[in-house]
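A.B. asks: In terms of the working numbering, the sequence shown is residues 1 to 291.
A few of these clues could be false.
To be verified - Simulated restraints, written as ranges between beta carbons of each label pair:
| # | residue 1 | residue 2 | range |
| --- | --- | --- | --- |
| 1 | E4 | A102 | 43 to 49 Å |
| 2 | R258 | S15 | 32 to 38 Å |
| 3 | R7 | G129 | 18 to 24 Å |
| 4 | P229 | R281 | 16 to 22 Å |
| 5 | D8 | A123 | 44 to 50 Å |
| 6 | D19 | E180 | 20 to 26 Å |
| 7 | A43 | G129 | 24 to 30 Å |
Said to hold, decoys possible - Here are the simulated lysine to any residue pairs, SDA-like style, with alpha carbons at most 25 Å apart:
| # | residue 1 | residue 2 |
| --- | --- | --- |
| 8 | K99 | Y219 |
| 9 | K204 | G151 |
| 10 | K99 | P205 |
| 11 | K204 | A178 |
| 12 | K265 | E184 |
| 13 | K99 | Q237 |
| 14 | K204 | E270 |
| 15 | K204 | G192 |
| 16 | K99 | P141 |
| 17 | K265 | I186 |
| 18 | K204 | P229 |
| 19 | K265 | D18 |
| 20 | K265 | G209 |
| 21 | K99 | G79 |
| 22 | K265 | M202 |
| 23 | K265 | R39 |
| 24 | K99 | G199 |
| 25 | K99 | K204 |
| 26 | K99 | D72 |
| 27 | K204 | T280 |
| 28 | K204 | E216 |
| 29 | K218 | T280 |
| 30 | K204 | R39 |
| 31 | K218 | G151 |
| 32 | K265 | P229 |
| 33 | K99 | H203 |
| 34 | K204 | L177 |
| 35 | K204 | F190 |
| 36 | K99 | E184 |
| 37 | K204 | D194 |
| 38 | K218 | W263 |
| 39 | K204 | L176 |
| 40 | K218 | P266 |
Treat the hints as calculated values from the structure; they're not laboratory data.
Backbone N, C-alpha and C define an ideal beta-carbon position, used for all residues, glycine too.
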Amino acid sequence: MSDEFDRDRLDTALSVVDDWPVDTVAAAVVGPDGVLAARGDDARVYRLASVTKPIVAVAALLAVEEEAISLDDPAGPEGSTVRHLLAHASGLDFADREKVRAAPGERRIYSSAGFEVLADHIADATGIGFGDYLAEAVLQPLGMESTVLDGSAGHGASGSLADLIAFARELVSPRLLASETLEEAISEQFRGLDGIVPGYGMHKPCPWGLGFELREAKYPHWTGQHNSPATFGHFGQSGTLLWVEPEIDTALVVLTDRDFGDWAKPLWPELSDRVVDAATRRMRPEDSLGG
Numbered sequence: 001m002s003d004e005f006d007r008d009r010l011d012t013a014l015s016v017v018d019d020w021p022v023d024t025v026a027a028a029v030v031g032p033d034g035v036l037a038a039r040g041d042d043a044r045v046y047r048l049a050s051v052t053k054p055i056v057a058v059a060a061l062l063a064v065e066e067e068a069i070s071l072d073d074p075a076g077p078e079g080s081t082v083r084h085l086l087a088h089a090s091g092l093d094f095a096d097r098e099k100v101r102a103a104p105g106e107r108r109i110y111s112s113a114g115f116e117v118l119a120d121h122i123a124d125a126t127g128i129g130f131g132d133y134l135a136e137a138v139l140q141p142l143g144m145e146s147t148v149l150d151g152s153a154g155h156g157a158s159g160s161l162a163d164l165i166a167f168a169r170e171l172v173s174p175r176l177l178a179s180e181t182l183e184e185a186i187s188e189q190f191r192g193l194d195g196i197v198p199g200y201g202m203h204k205p206c207p208w209g210l211g212f213e214l215r216e217a218k219y220p221h222w223t224g225q226h227n228s229p230a231t232f233g234h235f236g237q238s239g240t241l242l243w244v245e246p247e248i249d250t251a252l253v254v255l256t257d258r259d260f261g262d263w264a265k266p267l268w269p270e271l272s273d274r275v276v277d278a279a280t281r282r283m284r285p286e287d288s289l290g291g
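Based on the provided sequences and hints, a complete structural model is requested.
C.D. replies: Written out as structure tokens, the structure reads:
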């Protein structure tokens with residue numbers, strides 16, 4: 001399908017980031033065979049914030065494939081499992097790994113602390129420090145040479161656009177992960193749980209996969225109205241985002257040096273809609289009028 005993309009339209013769609021109120025930005029549209037359009041310095045390293053989580057999740061899923069751990073392993077609060085931690089359903093507080101706010105499977109409580117517990121569980125099971133495991137399982141095989149985890153497994157990684165392109169390509173067309181593993185990861189876990197998407201309020205329900213937020217019918221949302229319900233990904237409070245639109249084999253990666261805030265809320269969905277439209281050759285109303 002990648003040969004069918006209109007790269008000029010995608011480049012035009014992506015060019016709107018040039019006018020964003022940020023000092024630096026790097027962005028790319030990615031297909032199964034790699035970059036379809038890009039802006040900015042692909043070697044500059046940015047803080048990824050919570051875009052760390054899907055990278056850590058892929059490491060966890062590979063550990064499951066290798067049978068080093070199981071999704072049903074007890075991990076976290078009593079009654080919680082690896083699956084609960086990946087799906088923000090363990091009941092753990094956002095930042096305090098000792099504070100339990102709900103029983104496992106009761107609410108979707110977004111938790112960076114849960115990913116720290118998950119990283120410790122993988123390290124204990126494999127006998128390898130999690131940073132080393134992440135590098136050996138994910139970063140090195142994908143050629144993510146500038147990406148490092150220098151802090152929390154929930155939000156402590158940094159990396160370049162070039163690295164995130166490689167990661168996005170893996171999510172569009174998996175090579176490390178078995179396709180059935182990724183399919184499970186982007187399927188709703190603990191169906192029907194209510195929860196909050198940081199910055200976007202309560203959603204009832206608030207679907208989540210294994211380390212990936214699922215768009216489904218959420219609104220307002222950081223993806224666009226033209227993204228399908230099947231879209232999955234994550235954004236970070238450091239002004240970063242990554243989504244994958246599986247229905248059109250397309251991913252969008254954006255890295256900025258400005259923390260997420262009100263500036264991003266209209267601009268991220270607008271960019272997302274433009275990219276989806278370009279990837280599917282849909283015409284925006286203002287384009288038909290010569291705008």
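A.B. asks: Starting from the hint list further up, note which numbers the structure goes against and sort them upward.
C.D. replies: 2, 3, 6, 8, 9, 11, 12, 16, 27, 30, 31, 34, 36, 39
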